[in-house]
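*Asks:* Work the whole structure out from these sequences, hints included.
For the protein sequence lines, the chains are H and U, in the order given. Sequential numbering from 1 applies to the first sequence in our numbering. Sequential numbering from 1 applies to the second sequence in our numbering.
Source of the hints: derived by calculation from the structure; they are not laboratory data. Treat the hints with caution; some may be incorrect.
As the list claims (entries may be wrong) - Below are the BS3-like pairs computed for lysine-lysine, each with C-alpha atoms no more than 25 Å apart in a straight line:
no.	chain 1	residue 1	chain 2	residue 2
1	H	413	U	12
2	U	458	H	522
3	U	16	H	413
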Amino acid sequence: MTRLAESLRRGGIFVWFAGTSLAFCLAMILGLVGYIAARGLGFFWPSPLVQVRSAEGPVLGEITGHEPARGEETGKLQFRVGNRDIYGQDFRWVPTVGLGAPEEPKDAVLLERTEYGPFIGRITAISHQGTVAVQGAGALAEAARRLPESRRLLEEVQATEKGKVGELNRRMERLRIDRKGLEAKGDQAAIQALDTQVAALQSTYEALQTTIDQTRTEAKSWVLDLETADGQKKELPLSSVVRIVAANNLSVTDRLGIYLSRMWEFLADDPRESNTEGGIFPAIFGTVMMVLVMSVLVVPLGVVTALYLREYARQGWLVRAVRVAVNNLAGVPSIVFGVFGLGFFVYTLGGGIDRLFFADALPTPTYGTGGIIWASLTLALLTVPVVVVATEEALGAVARSQREASLAMGATKWQTLWNVVLPSAAPGILTGLILAIARGAGEVAPLMLTGVVKLAPSMPLDGTFPFFHFDRKFMHLGFHIYDVGFQSPNSEAAKPMVFMASLLLLAVVVVLNIFALNLRRKLRARLGGSTF
Amino acid sequence: MASSSNIQSRAKRVDKFMAFAISGGGLFMIGAVLAMLLFILKEAAPLFLPPSVRPAATLQAGAMGGLWLDESGKAAVLVSKETGVRAIRLPEGTPLPTPQGGPDLPWRTLTPPNTRGETLVTGADGRIWLARLTWTKPPGENDPSRWDLNPQWQGGILLEAAPNRILHARLLEGGGLGSSARLRLVAEVADGISWLEAPLEAGPAVAWKPLPLPPGNKVSSALWSADGATLTLGTEAGQLLMVEVESGNLLASAEFGEPVNALGAPLGQSSVLVGGTKGRLAAYQRARLGEDFQFRSFHEFPRLSGPVLGFQSSLRDKRFLAWSAREAVVDHLTTERRLMAVSLTGAGSASMAPRGDLILHADELGALHSWTLDAPHPEVSFGLLWGKTQYEGYGKPEYVWQSTGGTDDFEPKFSLVPLVFGTLKGTLYAMLFAFPLAVLGALYTSQFATPGLRNVIKPAVEIMAALPSVVLGFLAGLVMAPMLERTAVEVLLYPFCLLLAVAIAAPFWSRLSTPFRNRFGTGRETLWIVPILILAVGMTMFAGPLVERLFMGGNYRTWLQSALGITYDQRNSIVVGFAMGFAVIPIIFTISEDALSSVPRSLTSASLACGASPWQTAWRVVLPTASPGIFSATMVGLGRAIGETMIVLMATGNTPVMDWGPFNGMRTLSANIAVEIPEAPLHGTLYRVLFLAAFLLFLFTFVLNTVAELVRQHLRRRYESI
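*Replies:* So, in structure tokens, the structure goes:
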């Protein structure tokens with residue numbers, strides 16, 4: 001007994017206790033990252049289509065979930081049956097009791113479509129302009145052969161719509177605003193000239209529209225006859241099909257090919273089906289753009305403030321208080337910055353700019369509503385403390401001997417700073433910048449108030465003058481996660497997107513952080529320094 | 001070639017310029033930070049500014065029986081029994097074109113128009129007419145002389161017997177399917193109080209229906225309810241009676257204390273304003289308290305000097321005008337704030353514009369006085385934000401946050417207490433989960449772990465710190481919450497199973513040879529625990545369903561409901577605590593670990609040299625020495641937990657409940673701001689209240705972080721001296 005009491009007093013067991021809490025923390029981190037990676041990366045791998053005979057008839061689909069028997073409830077299997085236009089819902093729970101043996105029919109196919117989610121069933125025939133071209137087993141192969149051409153035609157249509165027609169619309173809008181201004185002045189001749197311009201644009205638009213219609217009809221000329229597992233029939237133009245996956249007939253290389261192609265689509269394409277399918281390229285692009293603008297704003301501001309605090313201000317209690325204040329700004333909740341951004345940048349500054357320069361477009365706001373410039377400014381304000389702290393550390397680490405040597409040789413203070421101190425401090429400043437970027441890429445709350453949207457009609461950077469549109473709203477990876485996960489009409493179908501987007505965001509933020517912290521560690525090891 | 005003195009002077013000029021630029025830039029940044037705080041304060045401050053009252057025009061307009069103000073404040077309609085309806089322009093007082101039509105003059109009775117412009121008239125022929133005064137304004141026309149006053153006259157109701165005094169009328173709009181508008185009247189007739197209902201058209205004579213009342217009650221004023229089914233009567237004996245007219249049942253009665261002189265209704269008409277002959281002003285309502293309904297006073301206002309003559313209510317919010325012969329006041333029903341108090345020249349009639357920003361009073365001699373009232377946020381006061389407030393329809397004062405509703409007469413309720421409560425609750429659960437894990441983990445890492453292990457742990461925790469809170473919130477809301485709902489019993493059992501697993505494994509560990517334990521065990525305990533953790537998970541998966549079946553009847557949710565009366569919400573505080581723990585643990589860990597590692601080696605060596613075990617040293621020497629650092633870490637972690645927005649937004653149900661229980665959600669200040677501010681009307685009350693909330697968050701986290709920083713600096717200086 002005394003041995004137990006003695007060992008308790010010596011506390012060996014408590015060390016294990018403390019070790020358990022640490023193990024728990026580590027398990028949390030690994031579990032989270034591992035879970036997101038597993039669920040995210042696994043979604044694009046094509047899984048086999050399983051057919052079972054249930055009480056309500058045959059069910060064909062991918063198995064996406066499983067719940068074991070519990071209490072009085074029987075076990076259930078979740079099937080992704082697709083065909084939202086026929087069944088009304090993508091997913092279905094089927095009780096495991098009384099299910100026949102599962103089969104994997106070789107001719108079952110999953111068609112990724114532009115509307116209503118995927119189709120899961122069989123292709124019975126393919127027809128061209130009304131007449132059946134191939135029927136039965138060969139229809140699948142024929143469809144796969146014709147698919148690239150119809151996709152190309154559709155992409156052509158989309159490019160024309162976005163490019164040429166979009167340009168026409170922009171010019172018409174510009175003319176409409178000009179006309180409004182001229183009407184106020186009552187200049188009849190100018191108004192008539194404007195009207196002729198509008199008429200010319202209108203006829204160009206009509207000509208373009210005819211071409212578009214022709215191309216579209218051509219793309220729609222190939223039609224598939226489809227049949228679901230329980231015998232319902234449907235016709236689908238080949239142009240609505242994005243990808244054909246004969247899920248039970250694939251070799252490993254085929255599956256890998258589909259996996260990589262889906263991954264590429266995710267990273268490079270636009271979203272469809274209210275963000276639950278397709279890609280997240282606009283979100284990635286918007287995040288990158290915003291972070292770039294934020295960096296351009298935050299580095300000068302942060303470096304100048306740090307220089308002032310350390311080199312130019314008279315060191316006393318006031319400067320120490322200011323330094324403490326700037327550091328503590330890093331702890332202020334990001335929503336407060338968002339509120340300030342909304343109240344000051346968007347409503348006050350933006351409203352003022354609108355009244356001065358864009359009064360013709362009112363009451364539609366140009367700068368008086370959220371936009372990429374205001375969002376970047378808000379985030380710059382948010383991340384300035386990070387850069388200031390890192391820069392101050394870096395400036396403090398530069399050896400006094402270097403500075404004194406430079407001054408002794410007759411250089412002015414500014415020459416010393418610019419030529420000796422700042423280049424030595426540059427890696428430290430870079431660390432601060434990377435940490436700021438990592439923080440800015442992950443913050444969502446202030447962006448929700450200052451310019452991020454669920455679906456942006458156009459990107460902030462495009463081919464029309466002035467090329468970088470500061471007033472446009474943009475999409476953001478973090479907000480995409482929030483929106484698709486919580487505000488989409490079909491959150492079960494959207495989960496793959498959210499996991500992949502989370503994985504992407506996580507990967508970016510973690511990589512940036514590791515890089516910055518490694519850099520900082522190397523600098524500390526190299527320089528030592530009084531501030532570290 | 002430039003001479004050296006030229007180069008030198010140029011360098012000096014650049015130096016001076018850059019010194020100026022950098023100082024300017026630095027001061028600008030610091031100023032920007034300060035400006036941010038001031039801007040937020042400036043946007044929130046107008047909530048607390050006192051209302052301003054400015055006397056406006058004084059005119060002479062001749063005797064009149066009632067007034068009605070137009071919304072723009074540019075025209076007023078005067079009605080009198082002798083001259084009918086006429087209009088004047090404000091503030092000049094010049095007459096505007098008189099409308100034609102209406103019953104023959106002189107009218108026998110006239111009720112003063114209410115804020116909507118409805119007035120009841122008995123024409124010279126004894127028929128009852130209802131006039132709805134409206135201005136037809138050509139679009140964009142601001143000059144009243146171009147507006148058209150066309151009162152819509154409806155009625156021509158013939159009464160069987162002329163009443164002594166019509167007390168109150170209620171217009172019931174026709175429903176669909178061809179039912180027309182009807183009018184309900186209550187009046188004092190020869191032998192008591194009677195009422196009638198008549199369609200608003202000329203038809204056969206309508207008879208009075210007597211209203212049976214308890215004897216000894218002489219009714220001095222009456223008020224119809226909004227649906228015309230109930231009457232509130234005020235008696236000269238100082239009683240208020242609520243009567244259902246169709247059946248004659250007395251629904252409720254209350255004591256007023258002094259003879260009732262005037263009755264009125266605020267916007268929404270779900271409560272009654274009562275004014276007495278000695279000047280007492282109160283609001284009564286019939287609301288549910290517990291099981292039954294109670295009819296009692298729920299707001300009191302400062303007395304008027306002299307008997308209360310009448311009420312007019314604003315159509316925009318719950319402010320109302322009350323006047324006596326000597327003074328007129330505008331009060332807000334819910335906050336009981338007196339927005340305006342002015343003295344009058346004599347008894348007469350008064351009116352308030354529909355927005356409540358212009359008050360007009362006409363005394364018996366026909367002198368018209370007007371005042372403008374600027375009170376943009378009457379529904380907010382310090383007491384309403386922080387104390388329990390009695391709202392209409394509630395049985396007792398409560399803390400309520402309900403900023404928007406579906407109807408026009410919805411009263412927004414802005415108590416910050418549920419939100420602050422939610423913030424504290426979320427922070428509490430987060431710290432409850434995070435603090436022990438982080439501090440114990442930091443203690444282990446700094447005191448017991450091998451350097452190799454430390455090099456793995458610290459980057460791992462730094463990665464944890466870098467996790468975006470969106471991802472944490474998404475996992476909490478869409479993955480952890482359903483998982484917890486399915487496996488709540490298992491999660492609760494886990495600590496016990498872990499202890500059991502440790503107890504099972506411990507004898508095996510002590511069987512291993514001491515050199516093995518010293519080489520691979522000491523400093524790496526954390527790695528050896530991992531298989532124990534997994535073993536415990538397996539044990540809970542087995543034991544969980546068993547326990548649920550044996551003790552909870554197969555379903556823990558029904559057991560919670562029946563045995564403890566708790567409803568289980570899927571998105572509850574346990575989930576939030578766990579997810580916020582992810583966000584807070586790395587912060588507390590990093591700072592605590594710094595503090596623990598900075599304890600001078602001499603102290604630890606001395607303790608070990610005196611024969612203490614490593615744990616005793618850590619627990620009794622290092623931890624207390626570093627406790628200011630741990631305190632500072634907790635402050636910073638608290639600050640982070642208070643301000644966390646995305647996790648709370650996604651992992652709670654965002655319901656502003658005030659309940660410490662772990663099985664329901666919460667609404668925090670930060671999540672509330674994120675949800676409501678995009679839709680808040682610019683410069684409205686909700687907008688400013690949200691800015692106030694942001695200011696509070698800013699102040700609180702700033703103070704916390706400053707305290708933490710000061711403690712840390714003090715600690716650093718103390719160690720330098722050891």
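*Asks:* Look at each hint and say if it fits the structure.
*Replies:* These are the hints, each one checked on the structure:
1. H:413 - U:12: This hinted pair holds, its Cα atoms lying about 9 Å apart.
2. U:458 - H:522: Distance ~15 Å between residue 458 (chain U) and residue 522 (chain H) Cα, so the pair holds.
3. U:16 - H:413: Roughly 9 Å between the alpha carbons, so the hint for residue 16 (chain U) and residue 413 (chain H) holds.
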